[in-house]
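Visitor: For the protein sequence lines, the chains are B and C, in the order given. Residue 92 in full-length UniProt numbering sits at position 92 of the first sequence; the count goes up by one each step and never skips. Residue 532 in full-length UniProt numbering sits at position 532 of the second sequence; the count goes up by one each step and never skips.
Note that these hints are calculated values from the structure, not bench results. It should be emphasised that the depicted structure is a prediction, and the values quoted were computed from it without experimental measurement. There may be inaccurate statements among the hints.
Now the stretches of chain C that chain B is said to cover, found in silico as 3 or more residues with beta-carbon under 8 Å [stated by the list, open to error]:
hint, stretch
1, 58–72
2, 475–488
FRET-style restraints, in silico, Cβ to Cβ [unchecked claim]:
hint, chain 1, residue 1, chain 2, residue 2, range
3, C, GLN208, B, GLU54, 17 to 25 Å
4, C, PRO479, B, PRO23, 50 to 58 Å
5, C, LYS359, B, PRO52, 48 to 56 Å
Ideal Cβ positions, reconstructed from N, Cα and C, are used throughout, including at glycine.
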Amino acid sequence: MGAHLGRRYLWDAEAEPDPLHMPSFPAHLGMPARQPRVMVASSSQLSDARVPLEQRDFCGHHLLRLLRCQRDNFPVPWGCHALRHAWDSCQHEE
Amino acid sequence: MDLSLTLNTLMLLTLATLSTPILFPLLSNNLKNTPSTITNTVKTSFLISLVPMTIYIYSGTESLIFLWEWKYIMNFKIPISLKMDFYSLTFFPIALFVSWSILQFATWYMASDPYITKFFTYLLFFLIAMLILITANNLFVLFIGWEGVGIMSFLLISWWHGRAEANTAALQAVLYNRVGDIGLILCMAWLASATNTWEIQQLPSPSQTPTLPLLGLILAATGKSAQFGLHPWLPAAMEGPTPVSALLHSSTMVVAGVFLLIRTHPLLNNNQTALSLCLCLGALSTLFAATCALTQNDIKKIIAFSTSSQLGLMMVTIGLNLPELAFLHISTHAFFKAMLFLCSGSIIHSLNGEQDIRKMGGLQKMLPTTTACLTIGNLALMGIPFLAGFYSKDQIIECLNTSYLNTWALILTLLATSFTAVYTIRMTTLVQTGFVRIPPLTPMNENNPAVTSPITRLALGSILAGFLITSYITPVKTPPTTMPLSIKMTALVVTALGIALALEISKMTQTLILTKQTPFSNFSTSLGYFNPLTHRPSMTNLLSGGQNIASHLIDLSWYKMLGPEGLAHLQRAASKTATTLHPGLTKAYLGSFALSIIIILMSMY
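Just chain B, with the same shape it has in the complex (with noise of 0.2 Å):
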């Protein structure tokens, strides 16, 4: 049925909650402290760096940081490892 079902019961349950005991959130929880996410790229940067849709999310900052650190250091790919790890970490947290 899938490889989440073995993990549900054999692991810790902070990745997966145990079936038999599904939490269940109210949907407002801690709605006045939340606010809703924002853009930091704006969508024009997004479309002028070419970036491919499936990536214009909310970690496209670091993205387009990344590609501009890539297009500077050329030849070299060992020069962007700060900024790929913060758009990793990005999408981590995603």
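Following the hints, put chain C in place on chain B, whose structure we already have.
Guide: Showing chain C alone in chain B's frame:
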């Protein structure tokens, strides 16, 4: 500077350079090709093609070249257009690099062949057809390339056409590919009728696409990429010379099916039926091929089944909706698989034509460069960390592990990964290590740079390709980053288990105990009983069905029972009855006259 103009010009220049050895001898009386001129042409094309790839990596420039429009009928025009995007710009240098190495190796391998120039010309035709397929923006142009590579595969597999097995193998390749072509033509027909175009740009959205054309595409990929069901031609294709196996049946032609699915991926994008079919078919193919490779004794057949298994893995990646990852695996696989074939070719020639690994051994000391590169290729194939295969294979298995799809496909793929390790280590131990089982006098020689430089070049590619491609190209779909350590290590653990198992089993062979035949070993040795179960019955059923239709249905039924003879039969009953009315006696005729007159008189009154 207009980068797209430079891009277009250089890509067309690459294709034009490749066609010069074909065109120039036709235009001049004195100019003749030689193997070295063709090799140098391919090398030049490779160097030229590096520039467009660099332009793409630097600036992300893609372009579309529109060459001519065939105005077939009033409202259906077929533009001959080429697309220079990530896939074609990256695959061109890789295909040309591998082809250059293989052609240089073939100058040594086929040196004793009287028609070596024709061989090289065939390889060049194949390469041009493959590159047309890669750059096609239009299913029509892709079909031209598709058929071109099929025909050249037929001609090259049956290169030694005096051998009956080679001819059978070539026929097998052509017939299985033809069955796949039915699927491609089905899809093209649907596209032409529903959307009035064959352009890749104008493919309809997945929600408007019925599943049938997608099944046609998957059938085409099954035929060309030797997935389970249409796979027997790939091991049989090893009858061809080793450079042919290295170029066609490992790096370039067999990936054409997967490449078709990558190109038409927008159609497949969310169609769960098609994606699940790809996933399950790929998983089944990879496990089946890995199982068959476990008991093979011919070194080329082991590598052929390994190719089939990796193609199944690429199909699994398509089924996971990750075409870029499938393309990454195609690119890295091209390097180490071609190198494995070249190493096997060097070993075969050095042992005077011996292909059985049970009659090789201890070659590490005798052929150091070749065996070192063979080891590197095998490690890359297994997905050992930080070689080329690791970047693509490990990521595929991670994505499979963390996806919410079929656990059955996952288990099959993991099992196939461990089997890969098993047969690879088996090949390595039997060929390179252990006791020497070769005849005492062999033409063993790897002094020739035509042998060592292609192999070492491809070894360098096998080590660096994965690292370079992943450094320069940012992934389009985010790879999964959240997973427990056990999931992350699954591929590595499974491979390590396979290595341990193989080493343990190879120790058992040194105690000289006769192995029992179990059903599993018989299944593996006879390639899953697939060939005898399918080849004869399908042909006999088809032919006898055809004979029944022709003789029983058409001849017997239409012409005899329902046609003229049937009518005659019907008439016979009526005429038998009517004959009694004409006995030839005058009294009977007078009686009939009287009867008619009485009836007329009665009707008047």
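Visitor: If a hint holds in the structure, say so; if it does not, say that too.
Guide: Hints, one by one, checked against the model:
no.: 1; hint: 58–72; result: holds (count 3)
no.: 2; hint: 475–488; result: holds (count 8)
no.: 3; hint: C/GLN208 x B/GLU54: 17 to 25 Å; result: holds (20 Å)
no.: 4; hint: C/PRO479 x B/PRO23: 50 to 58 Å; result: violated (28 Å)
no.: 5; hint: C/LYS359 x B/PRO52: 48 to 56 Å; result: holds (53 Å)
Violated hint for the displayed structure: number 4, the only one.
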